[in-house]
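Peer 1: Sequence:
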Amino acid sequence: MSIPDEPNVSIHTTPNLYTVYILQSIPKPRSIYIGSSPDPIRRLRQHNGELKAGAYRTSRDNFRPWKQLCIIHGFPSKIAALQFEHALQHPYQTRHISVDKRVSTSKTNGISVHHKLGNVRLLISSTFFRKFDLKVCMLDPHARDIWVQNKFVINIENDWTFSDSILDYLRSYSLKKKNEIGIFEKTKERILQCPIDCALCEVPINYLEEQPDCSIGSKAELDSLLDGKKLPLIAMLSCQCQLLAHLTCWGNRSGVTSDSIIPKAIECPACSYSTNWIALVRNATKLREYMLKDIVK
1 MSIPDEPNVS
11 IHTTPNLYTV
21 YILQSIPKPR
31 SIYIGSSPDP
41 IRRLRQHNGE
51 LKAGAYRTSR
61 DNFRPWKQLC
71 IIHGFPSKIA
81 ALQFEHALQH
91 PYQTRHISVD
101 KRVSTSKTNG
111 ISVHHKLGNV
121 RLLISSTFFR
131 KFDLKVCMLD
141 PHARDIWVQN
151 KFVINIENDW
161 TFSDSILDYL
171 RSYSLKKKNE
181 IGIFEKTKER
191 ILQCPIDCAL
201 CEVPINYLEE
211 QPDCSIGSKA
221 ELDSLLDGKK
231 LPLIAMLSCQ
241 CQLLAHLTCW
251 GNRSGVTSDS
261 IIPKAIECPA
271 CSYSTNWIAL
281 VRNATKLREY
291 MLKDIVK
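So the sequence shown is residues 1 to 297, counted in UniProt numbering.
Hints are computed from structural coordinates only; laboratory data are not their basis.
Worth double-checking, as some hints may not be accurate.
In silico lysine-lysine, BS3-like type, Cα no more than 27 Å apart, as pairs [to be verified]: (1) Lys-177 <-> Lys-101; (2) Lys-188 <-> Lys-178; (3) Lys-28 <-> Lys-177; (4) Lys-151 <-> Lys-131; (5) Lys-28 <-> Lys-176; (6) Lys-177 <-> Lys-107; (7) Lys-176 <-> Lys-131; (8) Lys-107 <-> Lys-178; (9) Lys-176 <-> Lys-67; (10) Lys-178 <-> Lys-151; (11) Lys-101 <-> Lys-186; (12) Lys-78 <-> Lys-135; (13) Lys-101 <-> Lys-131; (14) Lys-293 <-> Lys-177; (15) Lys-264 <-> Lys-131; (16) Lys-188 <-> Lys-176; (17) Lys-78 <-> Lys-67; (18) Lys-78 <-> Lys-151; (19) Lys-52 <-> Lys-178; (20) Lys-177 <-> Lys-188; (21) Lys-78 <-> Lys-131; (22) Lys-176 <-> Lys-151; (23) Lys-67 <-> Lys-28; (24) Lys-286 <-> Lys-186; (25) Lys-28 <-> Lys-188; (26) Lys-264 <-> Lys-78; (27) Lys-151 <-> Lys-188; (28) Lys-52 <-> Lys-101; (29) Lys-131 <-> Lys-28; (30) Lys-264 <-> Lys-176; (31) Lys-178 <-> Lys-135; (32) Lys-264 <-> Lys-135; (33) Lys-28 <-> Lys-78; (34) Lys-78 <-> Lys-293; (35) Lys-151 <-> Lys-186.
All chains, please: the whole structure from these sequences, using the hints.
Peer 2: Following this line, the structure appears as structure tokens:
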């Protein structure tokens, strides 16, 4: 029996939002829950019984309501978010935290908010997760104070912020994403309407030079298109120069260090503006999604 092609086809792109969150029981503050979701507002309502499909551990009435202490986001995929969630749930045994740095050494040790947030710091600065440039938003004043106190003195380079309301934070985040959509649309028009050379290798960017005769309706058709190398990943730096180049060319220009095969930052050759490599990759996958949205159904 053959497996039919999927009716809905999608090309990989960085999720607009996928969060790992930490909840605290209001009536029982020592009870902490860690989960993940692309919709943390809806998920909190599920945990509190306002909507169906909550989690068993948060379903007991004497533990409700729950509040969100913080969210972590910026993951390149759902899988990466689930890996972070699992590591945060098992900090005493995860390979992402070395034994000599652990603040939680057993399943029953390190259950306080100090420990939970300390583990967040350890994970976002770990070898695997630090390359994602993850963002942290504190959503509770007391949790924010604990985060700032940094009891275990774990320094990080990641951006973090505080918001009184997750709704306000996500509204601001959504506005930022809408502005990005406008940039992607204009860049798409620029690529399709005018002959453009890669700003670095000077090879013409002929994106989908041979347009498919019809819509792509199956995963097999999409894989064939990708294998044909007709969909190069193209990225534009977010400086005023607006230079377009193949993602591979940006990577080759970066001059990776001996301790990592992944570039950390890319500089514009015209104005020396620096862009985080992960941000550039995210923009490249998003741009490819917009280039394809009219033919992939």
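Peer 1: Could you work out which of the previously given hints the structure breaks and list their numbers from low to high?
Peer 2: 1, 3, 5, 6, 8, 10, 11, 18, 19, 22, 25, 27, 28, 29, 33 and 35
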